[in-house]
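What follows is each chain in one-letter form.
Protein chains: 2
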Amino acid sequence: MKAEIITIGDEILIGQIIDTNSQWIGQQLNKIGVSVYQISSIQDNKQHILDAFKEAQERVDIVIITGGLGPTKDDITKKTIAEFFKDDALVEYPEVIAHIKGLFQKMKHPFREIQKTQAQIPSKATLLMNKFGTAPGMWFYENETVFVSLPGVPYEMKGLITNEVLPRIQEQFKLPFIIHKTIMTYGQGESTIAEKIEDFENNLPSSIKLAYLPSYGRVRLRLSTKGENKAQLEAELNAKVAELYQLLPDIITGLDDDASLEKRVGALLKTKNKTICTAESITGGKIAATLVSIAGSSAYYKGSIVAYAAETKMNLLDVSEETIKKHSVVSKEVALEMAKGAKEKLQTNYAIAVTGNAGPTTDKNDKSLGLVYIAVVGDDHQFVEAFNFGQPREKVINRTVSKSLEILQKEIL
Amino acid sequence: MKAEIITIGDEILIGQIIDTNSQWIGQQLNKIGVSVYQISSIQDNKQHILDAFKEAQERVDIVIITGGLGPTKDDITKKTIAEFFKDDALVEYPEVIAHIKGLFQKMKHPFREIQKTQAQIPSKATLLMNKFGTAPGMWFYENETVFVSLPGVPYEMKGLITNEVLPRIQEQFKLPFIIHKTIMTYGQGESTIAEKIEDFENNLPSSIKLAYLPSYGRVRLRLSTKGENKAQLEAELNAKVAELYQLLPDIITGLDDDASLEKRVGALLKTKNKTICTAESITGGKIAATLVSIAGSSAYYKGSIVAYAAETKMNLLDVSEETIKKHSVVSKEVALEMAKGAKEKLQTNYAIAVTGNAGPTTDKNDKSLGLVYIAVVGDDHQFVEAFNFGQPREKVINRTVSKSLEILQKEIL
Numbered sequence: 001m002k003a004e005i006i007t008i009g010d011e012i013l014i015g016q017i018i019d020t021n022s023q024w025i026g027q028q029l030n031k032i033g034v035s036v037y038q039i040s041s042i043q044d045n046k047q048h049i050l051d052a053f054k055e056a057q058e059r060v061d062i063v064i065i066t067g068g069l070g071p072t073k074d075d076i077t078k079k080t081i082a083e084f085f086k087d088d089a090l091v092e093y094p095e096v097i098a099h100i101k102g103l104f105q106k107m108k109h110p111f112r113e114i115q116k117t118q119a120q121i122p123s124k125a126t127l128l129m130n131k132f133g134t135a136p137g138m139w140f141y142e143n144e145t146v147f148v149s150l151p152g153v154p155y156e157m158k159g160l161i162t163n164e165v166l167p168r169i170q171e172q173f174k175l176p177f178i179i180h181k182t183i184m185t186y187g188q189g190e191s192t193i194a195e196k197i198e199d200f201e202n203n204l205p206s207s208i209k210l211a212y213l214p215s216y217g218r219v220r221l222r223l224s225t226k227g228e229n230k231a232q233l234e235a236e237l238n239a240k241v242a243e244l245y246q247l248l249p250d251i252i253t254g255l256d257d258d259a260s261l262e263k264r265v266g267a268l269l270k271t272k273n274k275t276i277c278t279a280e281s282i283t284g285g286k287i288a289a290t291l292v293s294i295a296g297s298s299a300y301y302k303g304s305i306v307a308y309a310a311e312t313k314m315n316l317l318d319v320s321e322e323t324i325k326k327h328s329v330v331s332k333e334v335a336l337e338m339a340k341g342a343k344e345k346l347q348t349n350y351a352i353a354v355t356g357n358a359g360p361t362t363d364k365n366d367k368s369l370g371l372v373y374i375a376v377v378g379d380d381h382q383f384v385e386a387f388n389f390g391q392p393r394e395k396v397i398n399r400t401v402s403k404s405l406e407i408l409q410k411e412i413l
Numbered sequence: 001m002k003a004e005i006i007t008i009g010d011e012i013l014i015g016q017i018i019d020t021n022s023q024w025i026g027q028q029l030n031k032i033g034v035s036v037y038q039i040s041s042i043q044d045n046k047q048h049i050l051d052a053f054k055e056a057q058e059r060v061d062i063v064i065i066t067g068g069l070g071p072t073k074d075d076i077t078k079k080t081i082a083e084f085f086k087d088d089a090l091v092e093y094p095e096v097i098a099h100i101k102g103l104f105q106k107m108k109h110p111f112r113e114i115q116k117t118q119a120q121i122p123s124k125a126t127l128l129m130n131k132f133g134t135a136p137g138m139w140f141y142e143n144e145t146v147f148v149s150l151p152g153v154p155y156e157m158k159g160l161i162t163n164e165v166l167p168r169i170q171e172q173f174k175l176p177f178i179i180h181k182t183i184m185t186y187g188q189g190e191s192t193i194a195e196k197i198e199d200f201e202n203n204l205p206s207s208i209k210l211a212y213l214p215s216y217g218r219v220r221l222r223l224s225t226k227g228e229n230k231a232q233l234e235a236e237l238n239a240k241v242a243e244l245y246q247l248l249p250d251i252i253t254g255l256d257d258d259a260s261l262e263k264r265v266g267a268l269l270k271t272k273n274k275t276i277c278t279a280e281s282i283t284g285g286k287i288a289a290t291l292v293s294i295a296g297s298s299a300y301y302k303g304s305i306v307a308y309a310a311e312t313k314m315n316l317l318d319v320s321e322e323t324i325k326k327h328s329v330v331s332k333e334v335a336l337e338m339a340k341g342a343k344e345k346l347q348t349n350y351a352i353a354v355t356g357n358a359g360p361t362t363d364k365n366d367k368s369l370g371l372v373y374i375a376v377v378g379d380d381h382q383f384v385e386a387f388n389f390g391q392p393r394e395k396v397i398n399r400t401v402s403k404s405l406e407i408l409q410k411e412i413l
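Chains A and B, in that order, give the protein sequences. Per the numbering used here, residue 1 is the first one in the first sequence, and the count goes up by one each step. Per the numbering used here, residue 1 is the first one in the second sequence, and the count goes up by one each step.
Next up, chain A with everything else stripped away, as it sits in the complex (with noise of 0.2 Å):
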């Protein structure tokens, strides 16, 4: 069972917005066991969106197509579907009609008759029920392909896959099950790491594939697979993963979900009933947000000083003057003073504090660019050290996230 996500709208095209829709419905649909083949962005234009059904409808066996459902003159969509489906007539639905007045009472805007073209869609589509916004989603089935059309909005395409369209799909085919096991590794590089594992990569059946997915110093080695048994698959698969564990002892950090760094170090923190609190200037919060996006966090992250100016360094963090004055606010010094204050005014077992120049222009007092210190500071170790992450910015502060993430785990255990 095949896919195509095909996602209408030129603001994708000149890059106004990133499609990270296709994203998660890419996600949903591998969990049900239906791969997706391809995803296509295209313009919002008739004869375009036409040859794209036309191809998807050849490749897959189930296209799902998002955006340009809005009642306004750029949203042409369901005129266009209703073409491709040579389906004249349009339904009105009194209850969509109902929903669309709910909603706007409640956000106390005014009902306008354009909003009533929205209940409209064509006959020989299916109706689903959009519960968190004015178009609804159409289902089609016709020459063996299902064509799915929803809005572009992501909570509104969300709650319509959730509560529609995957169902749907389950009731009316039989699906295999997809099976990924994603092994997390920090530290090696991914020709190193091929190096190590080429006997093993040459041996794989052909029904396992193994994908190597670098970035900013951690590796993922995915192992795929596909089929009818899914116990069959899982044996298979977890057989493979012990073999990857015996050939990287040193540097597999863990599998599938609890693979992340961030997963790994907030069990831990829980296990051993530990609390952290983190003081950013390079990375303005992101290694906080990396830690906060753990569902259950709040039970050992209690908060994070983001101190960009010297100023707030001080202030907030207790920095003191002079130290940023003798050595720099890029310093070995400031780090640990930053991590101290950071742990003393949250009162957490642990700290991360982090400061540095991502560039891209460099400030004369600054040491040279791409360099940053990471102090992580315990009841009783702390830990300081420098790092030269290079150019270009993003990679810099990546990186700083992942290296700091690295040491907190090595401090922990």
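Please note that the accuracy of each hint is not assured.
[As the list claims (entries may be wrong)] Listed below are several chain B residues computed to face chain A (Cβ distance under 7 Å; list not exhaustive): (1) 23; (2) 194; (3) 195; (4) 292; (5) 293; (6) 294; (7) 296.
[Claimed, not checked] Listed below are the simulated DSBU-like cross-link pairs for lysine-lysine, each with C-alpha atoms no more than 35 Å apart in a straight line: (8) 209/B x 54/A; (9) 2/A x 73/B; (10) 73/B x 73/A; (11) 73/A x 54/B; (12) 31/A x 263/A; (13) 46/A x 174/B.
Everything labelled a hint here was simulated from the structure, so no lab data went into it. Ideal Cβ placement from N, Cα and C applies to all residues, glycine included.
Following the hints, put chain B in place on chain A, whose structure we already have.
Positioned in the frame of chain A, the structure of chain B alone reads:
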């Protein structure tokens, strides 16, 4: 001049990563007058890649390919491109080997033989040096179509696009000008706006395209045009923008890059020489991140306190225990005390504070789901109000960020 962006890698299709590369490439191509006609994300599969190349060649003049250039076995882009162009001969570039050795030396990793394959590219390709990584870019020109193959690592891809690809496109093709003007509006829905500008929209010349981009309480109106005479295009669009300002006098906050509330608020604070800080619970630092996303924000943004736990609100923001007990953490009183606490601690002219219940689960001590209190405290005026942003969680958080900045702007003015 039309382009297609092809991203190769199962990780995008199974939703393991978000395709941010295409957005950035789309922006860059637009700036030099190249329209992105389609973005296609496809599998790491030889036949699928060959099919996609063929389809793209029929649709567009320039094909930009990212991904699949690593040294490991799952990276098949280079081999497949060579097959597509019927090019059997690989050429090894000594300067690339020297560059890779230099990179490995700097990171204190040993150079491995497998890396040598990175320095070999098909004989029909022009080499594009990759300053930030090991895999060079490749430029092909055949049958009046340009094919450019780039690594998928974002900062490597960005370096190659900026330094190698864009200059070559500009040198080899005569390009038109593509002009977009985006007007930001706050506080009215797209259907209300569409009704107000109906005549305007009906009278737009066919060369100018209007798009509505709604998101979380903001609607952006984008006018786009394309042509040879830049001054004339600019004048035409500016005249239309002026009309819109007249038709929608109350709700437009700005134009293009100055249109976002965070830019506008930043400019206001800078002009008035005032400073700001935030105290965030429900938004977990997102208001701070939004303010900090503006270059030069260090002139007015001093820092932020992310206070999740009630305890942190008391310790770091001096919220009183009695207030929390009497009114609960989701209350007008706590929001005000948070703002005052942050303003005092960070010594700023303004402070924004937010506390609320984003859901999805309800805490029985909390008031209803979706309820948010926003407080903005200035030197001699304070504001606090309750809002209910409904559900889901994502919408509550994003609307809280937008609404806070909207209130801040009013308070500053």
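How the hints compare with the structure:
1. 23: Nearest chain A Cβ about 5 Å off; hint holds.
2. 194: 5 Å, holds
3. 195: 6 Å, holds
4. 292: Interface hint status for residue 292/B: holds (5 Å vs cutoff 7 Å).
5. 293: Violated: closest Cβ of chain A sits about 9 Å from residue 293/B, beyond 7 Å.
6. 294: 12 Å, violated
7. 296: Since chain A brings no Cβ nearer than about 12 Å to residue 296/B, farther than 7 Å, the hint is violated.
8. 209/B x 54/A: Measuring from Cα to Cα gives roughly 26 Å; hence the hint holds.
9. 2/A x 73/B: 25 Å, holds
10. 73/B x 73/A: With Cα atoms ~48 Å apart, residue 73/B and residue 73/A exceed 35 Å; violated.
11. 73/A x 54/B: Between residue 73/A and residue 54/B the Cα gap is close to 34 Å, so the pair holds against 35 Å.
12. 31/A x 263/A: 21 Å, holds
13. 46/A x 174/B: Holds, because 28 Å separates the two Cα atoms, which is no more than 35 Å.
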